[in-house]
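As you go down the protein sequences, you meet chains A and B in turn. Under the working numbering, the first sequence has 114 at position 114, and the numbering climbs by one with no breaks. Under the working numbering, the second sequence has 1060 at position 60, and the numbering climbs by one with no breaks.
Hints were generated in silico from the structure; no laboratory data involved. C-beta: ideal position from N, C-alpha, C; glycine also. Be aware that a few hints might be false.
What the hints assert, rightly or not - Footprint (simulated), chain B over chain A, 3 or more residues, beta carbon under 8 Å:
id : segment
1  : 106 to 114
2  : 126 to 139
3  : 174 to 184
4  : 264 to 278
Claimed, not checked - To give an idea of the interface, some chain B residues facing chain A are shown, with a C-beta separation under 8 Å as derived from the structure:
id : residue
5  : 1288
6  : 1339
7  : 1340
8  : 1345
9  : 1353
10 : 1410
11 : 1412
12 : 1413
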Amino acid sequence: MIPPVIDNLDYREQSPEVKDRFTKLKQRPVVLSVDNLGKTFPTPGGEVTALKGVDFEVFRREFMCVIGPSGCGKSTLIRILAGLEVETNGQVLLDGNPVAGPGPDRGMVFQSYTLFPWLTVKQNVMFGPKMEGKSGTSVEADARQWIDLVGLSQFENSYPHQLSGGMKQRVAIARALANRPRILLMDEPFGALDAQTRAQMQNYLLQIWRNLDITILFITHDLDEAVYLSDRILVLKADPGEVDEIIEVPVPHPRSLDQFITPEFVATKHRINQLIHPESESKEDVLPFPRMTAEGDDVE
Amino acid sequence: MSRSTTSPPPREPWFAVRRDLSAKRATVLTIISFALPLAIWAAVSYLPFLWHPDIRLQLSADREDVTTVYIAGDRVSKGFFPEFTEAVRAQNQAVEEQLKSEDPLGGISDSSVRRANKKILRHLSPILISNGIITEEQSKDDETIYKAWGDIATGAWVPKSPALTDENIEIVKRNWAVMSEVSPVYDSDNFISVPIISLIPQGKPSNPDYLPDPGQVFKSGAKAFTSPGEGDRPSMIQRVRHSIFIVFGGFLLAALVGVPIGVLCGTYAFFSKLIEPFTDFFRYMPAPTFSTLLVAIFLANDAPKIALVFVGTFFQLVLVVANTTRRLDLPLLEAAQTLGANQRQLLTHVVIPGILPNLYNDLRILLGWAWTWLVIAELVGVKSGLTEFIETQGRFRNFDMVFPIIILIGVIGFTTDQILALLRGVIFPYTEDGAAASANPLVKALMFIPRWFRQAVSERLPADLANHKSLSTKA
Ligand SMILES: Nc1ncnc2c1ncn2[C@@H]1O[C@H](COP(=O)(O)OP(=O)(O)OP(=O)(O)O)[C@@H](O)[C@H]1O
Ligand SMILES: [Mg+2]
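Bound conformation, chain A alone (with noise of 0.2 Å):
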């Protein structure tokens, strides 16, 4: 469990050059802007309200996670972003034009391995540019670039089914990005991953970040790599998916596994577990569990 706050921090509290960056940020021109965006379902028992009312938007070169409690419609939102999913009430605006249906100028990381079996890495990282109409040696080149930046330029040739998959994803990314897109939408796409590989990926992820001209939106659940990653988190509550707060984290950049422990990080985390863990639910963690050893045999 998280430990309680030192020092009182408060996490709304940012250092003069975090508040800067953050005045910087808002300066910047809007790419995605949602706008009191709602989704229902229809299911047998009647409508699920998956998501209502979400408003928020992305700036440019922005890193911005999505956080929430299970089934709160994370995946509902970024999807309906991707345009796999039709809003039943809102809309999403890309650098100012409504979005309807997929298309290419928003890449997108699923958390299932997503590539294509009977395509090699680099076939698969040309598969954008080849549906645009492209083809040739300059895009094997700039295939070869992208798969460069993710380090598989040894696996350019391998198959999918011959990759970890922590390689699968770096390939995944390198697919997404190759197409240029204005924001690339991920869906957990480290929870498959166990955590070592997991901490190299979000390392991956912020140098490719910071050295192009991209903005991301990730979804994910673990705490840590929320803080670690973004520039602002939004929180999402649960029945229906409302937002709950939009957070910018005060950890300067660059970022590096040392902040773990620096009170800016582990305040941010309190906040965010105190938002989807409210106190009252935490009671709904202890088991009504009975005493089944003897007296005296106590392991605390």
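For chain A, the structure is supplied; the task is to place chain B with the ligands on it using the hints.
Using the frame of chain A, we list chain B with the ligands on its own:
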């Protein structure tokens, strides 16, 4: 520590729930799986104490009191055989007694006694044939047979395979004594006109004719395959080719029409709802029930036969392919859409390449399905191919001729399937089979096929089919 070094390595169990065996054990079991049925067949065929409910006659034989005539090679049940031999002995006894009486011919004319005697003479010919004294064509060559009687009687020649029973040698001697008195060589006009006695039926325990032994089956099979065709009777190779043509013709037509329809049904709900319900209904109507109809439509020759294989395969194929198409991972289609694929590109660049390995497997299984229609198809209209041969030989109870053909059909189907299974890994190197196949040296040699295949595919699919941008901004 010292204990673990001295104790033998733990033995792998032969039986463990859902666990693979080592490659060596798996191979051994595979070999046994074929060797065992063959061994059982051989044992039942060659070990007389195992089954052998019949006696296979080595001599021709008949009984005056009943009109049944047995020729060598016929089988009588073990229960009936003693009764049969006793009846013949009793008959001989009656002849001997008749000869001692005042009226040795029993009121029968000379010519009919001669005729009966000539018949007895020829009862020996099967023994002469199997001993190689005469050929099958000479079985009525009375001169040679007559001489053989003499040789046996005098001991100049002793039949070995099979030998005559002592009882029958005595009969030969007894008959020869009276026969040689009349004429030392065969003379049709001066043939003995007092009754001689019959040879006693002799035979060997055997299985019923519907279970020929492996050696016999092999011999008959070899004979069937080496004898050339004559006139309108095709050779076996021609029959095999014709049968393969019927099966593959029907199957390939069904695949050619059925695969596109199945893919469309699996891809678009529109086609699924339009086509599948009726297809589902139609496949419950057994294909053979259409055979007369197909002959009326397609007339004689091969067309109605191919049509029957088609009808038997097509409807199943559409449904199987539609299901395989539907099983394609939905996230792959979603990922392709976020990468800019339009509806048409989804079909050409995701659905089709995505289902190919499973489609290949489906078609492999359906080819096996098509084989099961072969016999019925070849009975439609004018009988043809391997089935015609089986039918004819089966009617004459030449089951030793029928077995090789049944086995051959199995072998053709099985080897085709095995080769196709092996090729799957070669054609689709990105599947699990592919990984296993690439380790196989035989497959390594065949690796030019996937390269050629991929090249052919990538050249065929044009890169630019539509502009995705118009789709994503317009809708
Ligand atoms: N196709 C659908 N039909 C009906 N209900 C759906 C559908 N998709 C999602 N839902 C419902 O919408 C709600 C939000 O689902 P969603 O998958 O977006 O949650 P999530 O936040 O991504 O959860 P998780 O953290 O487990 O991934 C859930 O209650 C879910 O049952
Ligand atoms: Mg989800």
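Do the hints match the structure? See the list:
Chain B is given as covering the segment 106 to 114 of chain A, and this holds because 6 residues of the stretch bring a CB closer than 8 Å to a CB of that chain, at least three being needed. Counting residues of the segment 126 to 139 of chain A whose beta carbon lies closer than 8 Å to any beta carbon of chain B gives 8, which reaches the threshold of three, so the coverage claim holds. Judged by the Cβ-Cβ criterion of 8 Å, the segment 174 to 184 of chain A is covered by chain B as claimed, because 3 of its residues qualify and three suffice. Note: the segment 264 to 278 of chain A has 0 residues with beta-carbon separation from chain B under 8 Å; the three-residue rule is not met and the coverage is violated.
Taking 8 Å as the C-beta contact cut-off toward chain A, the hint placing residue 1288 of chain B at the interface is violated, the least distance being around 40 Å. A least Cβ separation of about 4 Å between residue 1339 of chain B and chain A falls short of the 8 Å threshold, and the interface hint therefore holds. Here the hint on residue 1340 of chain B is kept, as its CB sits about 3 Å from the closest CB of chain A, short of 8 Å. Annotation: interface hint on residue 1345 of chain B holds; nearest CB of chain A at approximately 5 Å, less than 8 Å.
Among the interface hints, the one on residue 1353 of chain B holds; its C-beta lies about 5 Å from the nearest C-beta in chain A, closer than the 8 Å criterion. A hinted interface residue such as residue 1410 of chain B counts as satisfied when its beta carbon comes closer than 8 Å to some beta carbon of chain A; here the least separation is about 34 Å, so the hint is violated. The beta carbon of residue 1412 of chain B is not positioned within 8 Å of any beta carbon in chain A (closest approach about 31 Å), and the interface hint is therefore violated. Interface hint at residue 1413 of chain B: violated, since its Cβ lies 29 Å from the closest Cβ of chain A, which is beyond the 8 Å cut-off.
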